[in-house]
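Novice: Just need the whole structure built from these sequences, with the hints factored in.
Quick note: the sequence shown uses the numbering used here, first residue 8, plus one each step.
A couple of the hints might just be wrong.
Mimicking PhoX-like on lysine-lysine, the simulated pairs with C-alpha atoms at most 20 Å apart in a straight line are [said to hold, decoys possible]:
#, residue 1, residue 2
1, K233, K72
2, K234, K72
3, K233, K77
Note that these hints are calculated values from the structure, not bench results.
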Amino acid sequence: MDLVFEILLLIGVGFFAGIINTMAGGGSLLTLPILIFIGLPPNIANGTNRVAIVVQNIFTTVGFKSKGIKTFPFSIYVGLSALVGSVIGAQIAVDIKGEVFNKILSVVMLLVVGYMVFTSTKKIKNVLEKTTGKHFWLSIFLFFFVGIYGGFIQAGVGFIMLFILSSVNNFSLVKSNAIKVTVALIYTLAAVVIFALNDKINWQVGLELAVGNAMGGWFASRLSVKKGDTFVKKFLILAVVILAIKLWFY
Numbered sequence: 008m009d010l011v012f013e014i015l016l017l018i019g020v021g022f023f024a025g026i027i028n029t030m031a032g033g034g035s036l037l038t039l040p041i042l043i044f045i046g047l048p049p050n051i052a053n054g055t056n057r058v059a060i061v062v063q064n065i066f067t068t069v070g071f072k073s074k075g076i077k078t079f080p081f082s083i084y085v086g087l088s089a090l091v092g093s094v095i096g097a098q099i100a101v102d103i104k105g106e107v108f109n110k111i112l113s114v115v116m117l118l119v120v121g122y123m124v125f126t127s128t129k130k131i132k133n134v135l136e137k138t139t140g141k142h143f144w145l146s147i148f149l150f151f152f153v154g155i156y157g158g159f160i161q162a163g164v165g166f167i168m169l170f171i172l173s174s175v176n177n178f179s180l181v182k183s184n185a186i187k188v189t190v191a192l193i194y195t196l197a198a199v200v201i202f203a204l205n206d207k208i209n210w211q212v213g214l215e216l217a218v219g220n221a222m223g224g225w226f227a228s229r230l231s232v233k234k235g236d237t238f239v240k241k242f243l244i245l246a247v248v249i250l251a252i253k254l255w256f257y
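Specialist: Dropping the structure here:
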């Protein structure tokens, strides 16, 4: 494949994936197939994709903060819980064979997208956020398993985090997205270390993809704050429908 075309393809796909990851989830359903298409083995594609996720979430977190969305310290607490889980998940992903990984990915994505299609996102309005007591500890517990899943596959983990943050903690969709990207940044750093130590990252490709992801994440973070929860919810539903069609027919 021509190098210039490959770079432009990765940046373009990364841009749209960054938008989807920030406002909904499932952007890795775009990037993973592209990475495999350009010749990376599935487990290396999985590791390489994490480089773009880290860079994307640095820019996205800054983007939300620049618009006045504050997520600390709650995002740090659940992020650290997810980080512990991600070490386990990433190690599983490193050791798994490519064919098995593909089968697990397809099944998991069908379950995640199917769940999102058949359940409505709870609209939080004039309800206090629940970040203490049993709600806090339940989130800590659940995000440990989010970390295992995110460390293992990553694709679709945003849907799971949005569900937990909106249903358990009563965060708005905009704030849930801001927390989500901070958590993903924290636990993905650990996953990158695991993949790198096992030589499962193509750094050149990962950084090329990261350029697009970062631009998309920055753009989407500021747009979602400007447009509010109604816009984010519509985008979330649209993303789920498109990803579901992709999984069923492509």
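Novice: Next step is simple, just say for each hint if it's right about the structure.
Specialist: Comparing the hints with the structure gives:
1. Straight-line distance between C-alpha atoms of K233 and K72 comes to about 13 Å, which keeps the hinted pair within the 20 Å bound.
2. Simply put, K234 and K72 have alpha-carbon atoms about 16 Å apart, close enough for the 20 Å limit, and the pair holds.
3. Taking the CA atoms of K233 and K77, the gap is about 15 Å. The hint holds against a cut of 20 Å.
Violated hints for the displayed structure: none, as all numbered hints are satisfied.
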